[in-house]
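Throw the hints in and build the complete structure from the sequences for me.
Protein chains: 4
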Amino acid sequence: MTPTPNASEPIGIAVIGAGYWGPNLVRNFQASTRFRLRWLCDLDVERARRVLGGYSTVQVTADLDEVLADPRVQAVAIATPAGTHLTVALAALRAGKHVLVEKPLAATYDEGRRLVEEADARGLTLMCDHTYCYTPAVLRIRELLHSGELGELHFLDSVRINLGLVQRDIDVLWDLAPHDLSILDFVLPPGVTPVAVAAHGADGIGAGRACVAYLTLQLSNGAIAHIHVNWLSPVKIRTAIFGGSKRTLVWDDLNPSQRLAIYDRGVDVASPDELGDEQRRDILISYRSGDMVAPALTEREALRTMVDEYARAITTGTPALTDGRSGLRVLELLQTASRSLTEGGTMIKLNEGRMA
Amino acid sequence: MTPTPNASEPIGIAVIGAGYWGPNLVRNFQASTRFRLRWLCDLDVERARRVLGGYSTVQVTADLDEVLADPRVQAVAIATPAGTHLTVALAALRAGKHVLVEKPLAATYDEGRRLVEEADARGLTLMCDHTYCYTPAVLRIRELLHSGELGELHFLDSVRINLGLVQRDIDVLWDLAPHDLSILDFVLPPGVTPVAVAAHGADGIGAGRACVAYLTLQLSNGAIAHIHVNWLSPVKIRTAIFGGSKRTLVWDDLNPSQRLAIYDRGVDVASPDELGDEQRRDILISYRSGDMVAPALTEREALRTMVDEYARAITTGTPALTDGRSGLRVLELLQTASRSLTEGGTMIKLNEGRMA
Amino acid sequence: MTPTPNASEPIGIAVIGAGYWGPNLVRNFQASTRFRLRWLCDLDVERARRVLGGYSTVQVTADLDEVLADPRVQAVAIATPAGTHLTVALAALRAGKHVLVEKPLAATYDEGRRLVEEADARGLTLMCDHTYCYTPAVLRIRELLHSGELGELHFLDSVRINLGLVQRDIDVLWDLAPHDLSILDFVLPPGVTPVAVAAHGADGIGAGRACVAYLTLQLSNGAIAHIHVNWLSPVKIRTAIFGGSKRTLVWDDLNPSQRLAIYDRGVDVASPDELGDEQRRDILISYRSGDMVAPALTEREALRTMVDEYARAITTGTPALTDGRSGLRVLELLQTASRSLTEGGTMIKLNEGRMA
Amino acid sequence: MTPTPNASEPIGIAVIGAGYWGPNLVRNFQASTRFRLRWLCDLDVERARRVLGGYSTVQVTADLDEVLADPRVQAVAIATPAGTHLTVALAALRAGKHVLVEKPLAATYDEGRRLVEEADARGLTLMCDHTYCYTPAVLRIRELLHSGELGELHFLDSVRINLGLVQRDIDVLWDLAPHDLSILDFVLPPGVTPVAVAAHGADGIGAGRACVAYLTLQLSNGAIAHIHVNWLSPVKIRTAIFGGSKRTLVWDDLNPSQRLAIYDRGVDVASPDELGDEQRRDILISYRSGDMVAPALTEREALRTMVDEYARAITTGTPALTDGRSGLRVLELLQTASRSLTEGGTMIKLNEGRMA
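Protein chains in written order, with this note's numbering: chain A, 8 to 363; chain B, 8 to 363; chain C, 8 to 363; chain D, 8 to 363.
What you were told as hints is all true, and nothing was included just to trick you.
If several chains are the same, the list does not tell them apart, and a pair holds so long as it fits within one copy or across any two.
Here are the simulated lysine to aspartate or glutamate pairs, EDC-like style, with alpha carbons at most 16 Å apart:
hint, residue 1, residue 2
1, Lys243, Asp271
2, Lys243, Glu306
3, Lys243, Asp259
4, Lys253, Asp275
5, Lys253, Glu156
6, Lys253, Glu159
It is worth saying that the hints were derived from the structure and are not from the lab.
See the structure below:
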């Protein structure tokens, strides 16, 4: 088995897949002092060469085995289609390599579980590239929810719409909702989890799969989370509202000068515990109209932070912030939402006996 | 019975209710040459006086009977709480007065139906003040959908959120969704109708009623309509996207310089009819990336246009654009959505044998 | 002479001029308990009647003398063209009435001075309706600059552009810049005053007067103020940036949800006093990148606050916040800017021996 | 002399300067099939190495002579401080290399002229990297102004403000205004040229040089152009309005979904030629309130297009769109504006006998 690298020498890495996402991984692993990029591997060698450009010393191959046989390679980053994640990642784990997988972790929950089990059994790092979780904005949202600064979460409304590429093999839910679901999984404070999910969708244009979808999640604290994903919108919107009992946060990812806005504005109610049942209907409600604060955020590429976290997880042997288990929880939500979609929008309870 | 007025003399009108909406009606009926405002009636006479101000010649009373007995009054406009609409409107119709009712038409579908039947039986105008339908923006949207300029409707996504007054007697769905549902009813081209509705909601703050709600409607042409209403958002959003097969329209009601934007941008697919079943999955999809046009709109207060339409309906004896029946259709949608809300979000078919 | 009213009874008021601005004054004086509107006076009596509408008890006349002879009238509000301000206001002051004048105070500095002297001599209130000064936003800006929260003012940049009505008798500078100049006069902390002004302009469309103008003002503390006014812009912009040594404030008057934004973000330099001349060029500069705060503002119509201030000035006998002298200072700036415009943009010192 | 390359083989290029701008040039020359990057040259070799990263085959040197002696190098791209442009570019031209220079062309007009003359004498390409001119937005604006679609230009208002790095050696005018002036030079239709320039500025923070500046330019057709550049603004604005006789264009470079908006909205006047002198003051003015069109723009990196244009100029031997002469015209404007700044804002005529 490939020895766990120590912090003083760079980790040998290979990127598998030179398609849409691969080039971003190549660029960020090259820029990191914690890694040494050894290979870019793609079935289409010419594509891999184009990605590296005409001035690169990085090796190119179409042969995964060649990469996995290289003892200088201690870790891989997989950016191939979801349907191939199981095979590629399993091969890498079995070759003793640490594994980073592009979202979603695998094509199904069961496939994802096999990867988690394999990595566990071998004591290797398995990490899911939930890139958004590493943006300065989402890291701050997590902090605000975990620290209690927003109070208890009442509702989350997320919109991710755009004129998106209609995918051949997956619907809009599997294409876009992993972002929102991984963010949800990442920022929820300990003890608050999704308990049920429903999904509605439509295929207006006759594409053979949903191009517009709405997810509704019930959370364990009674809150509601709602996600709107859409390939057909001519305007691009990436906004989420986190309604808390103390403050409400608005995240507008397309407004670089004010990505986060925290409103000390909202509705107060007397605590239900202090009131008798009779009074519940005449509950005292008051309005707060306070200031808004837009915190200064460092501008740092999320992928760079993700790459650092991968290095940290490998060298310390502790789980990454977005480890295989988080990828598995997202898969469970996706799979259940898909079932609801085909069942006409029924609210489906999540399996309580699930592994993750 | 009060004779139908002819176009040359103003219609005597009384406004019933001097609360939140009444003052707007008072102002607009006073500004119209088609009406002569005779009374402002409210149980709280002092409130009525304050609404008129210290310089008015309009009469004030707490006694509805006094108003209805006045032969100079040919029509009334009712802006009292929804629970009183049946009683007040029925009394007015029975006194031979034309009736305009603030939305919603009545507290229940059955009450609404009694009003429609009463007006029909007496040959009187019954109109519902679906104010938004008379904005220049919605009138234009209707035109664009009816004329086919947007093509066939694929999806409608409407968001109406704000820090709203938590109502004592109704939830956010009954408070805000009538706007979106009446607009939907108004703009849909002939032959396209809602066929089923589901609603999810949450009462995060313990107010005893839903403060956040999501409605999903299936339309008869396979399209989806989705409405997000929310009392707890610190930011105010009033946006709707109408995705059509030819063009997509974005309505941002809070952007006065660009309320409507029509995008010649979208996704084209080869007609499903031209393809065999096998080909459906490999359907040819292409992207259009065209210009956006923001049409110039006249700035005109919607209530003024609504008041004109009331006069037109009364004098011609033809139904108003938002007549009692449209109010009834909105009530059916609201009532069904409410049922879905209590049933955990089930998709419920609308009654096909319904009257309207 | 009309006795100064005491606070317990309403002040009898007459509005002179029923054109563009008059109706707003009529509405606000009617809504105020501190005033009793007696007359609306306009050479065109029909226009005055239309403004009041068909339900008003307020008297109408074309005869100013009739108004001034009415002992119930203690104060007037003048909204006639600037060229008539001297005659009308002088007549009112000589009849012992308090006077509020729409901006600008008069057509020339000398005319304005005659009004100030006349009011002084008679101990009457002379106030200029610099409406913007009474918006919650400008009142807050004044507070922030006077209290030192923004630090010392370094620069002010104001943009007020729109597709404006090309005026027959005045250029864009006299039409729009009074707003910005009165705001500048209102918010500058004690001791900081304009010392010189330059103006550039253009009449692109051949209208016979400048339709686009730029004003540059030097302030006594070395700061610069710049104003862009423009009748030809298809987009409406009303933004001002107040750059202070501690914080920078951005006022966007067309963004009701965030009119003011205070940035704790900027450039710090070591104090010049601590450095020798040699060091001035290698001065230590550091950047702060702090949060932004958008303070909650009460939404209150500026004219209502202005009307209250008029009542306060009359009843206490103390100068209004925007008294005749402030109107005079604005006139001096306008007149000097006009001279600079005709002289090709020369920077002209303001008369230090000026009265105000 | 290095032979002019033919279109079929890549042009050997060296980038001189690995500071702020150099890395962008390196990236784009590497991505272009028209060039082959041979050297990155910087006095600080380590910095050059860091720019190339740990996987590059490109050669690094601190010795300009080594680069210029390399016969594989046919062209250079200079991204060193402006004060060194003359020396470096002259050496390159004398070595027979084509030269691309970062803006501004040189530190003074006279230095710039020496470069233009040297390149002319040797028949070599001299190009200035006015990057903004190669954005899809500016290319479209040029097209719209040259084709007459906007009509005659009446005014141009450009705002480029941000929290910018206070430069050690140059003021805000020399730092930012080259962008706006090169754009102006680029888009003005044939026959319309600047004839005079004035500049006002301030150094609020005691930085020893202007941090805020306003330029006013008179154009030969009577139009006005105004430029606001500012290092001290906490908000970033990059907007320009081009007011034409037929349409007005608004360019918001920070709004990727709607960078250009063309308004068919404005003010019409009867042609002055049709009117006698007497009538000029009572000129007939009418308002148009038309639609707005936001044209679809290709998203393409400007530097890539600039690099293509450099290759085109070299291989065809014809001047680049932003050749040395355009760089020289921008220098004349900058130098004259600087003089006006020190002279307190005087409007200074541009030298009519100038070379360019």
